[in-house]
Amino acid sequence: MAKYIMALDQGTASSRVIIFNHSGTIVSTASKEFKQIYPKPGWVEHDPMEIWSSQIEVSKNALNKAGLKAGDIAAIGITNQRETTIVWDKKTGKPAYNAIVWQCRRTAPICDQLKKKGLAEIIQKKTGLVVDA
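Counting from 1, one number per residue, gives the positions in the sequence shown under this note's numbering.
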């Protein structure tokens, strides 16, 4: 039986899956939007467990639409939302807090300090990212 490639794309507003055959043709897709959390002006968060459950759901949906089983997938590629950060509790395996989304401005004062110290260039060279909250 042919093996397929599953691409998981965790976007800022939705979870998406695309399944490709060995020729690179799309055989199935699925997506699901999830809630944006705005606890304060300029702050943006996501519920990590909602991210996880939405990825599971869209993966199952895409497999079902294509008539495939998990064993038919030869490889999985994963993309994510830029610099969105989740901290996990090592003991429980559960998230310590909501995901801090790349759009969130709560770290702007820290970024400003790094720039004032002349560290923006070295950070960009090491990470490939510009210093920005």
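Careful, some of the hints might be misleading.
[Said to hold, decoys possible] Under the rule of at most 25 Å between Cα atoms (straight-line distance), these lysine to aspartate or glutamate pairs were calculated in the DMTMM-like manner:
# : residue 1 : residue 2
1 : Lys-94    : Asp-72
2 : Lys-32    : Glu-50
3 : Lys-69    : Glu-50
4 : Lys-125   : Asp-72
Keep in mind the hints are simulated off the structure, nothing from the lab.
message = Run through the hints listed earlier and report the numbers of any the structure violates, in increasing order.
response = 1, 4
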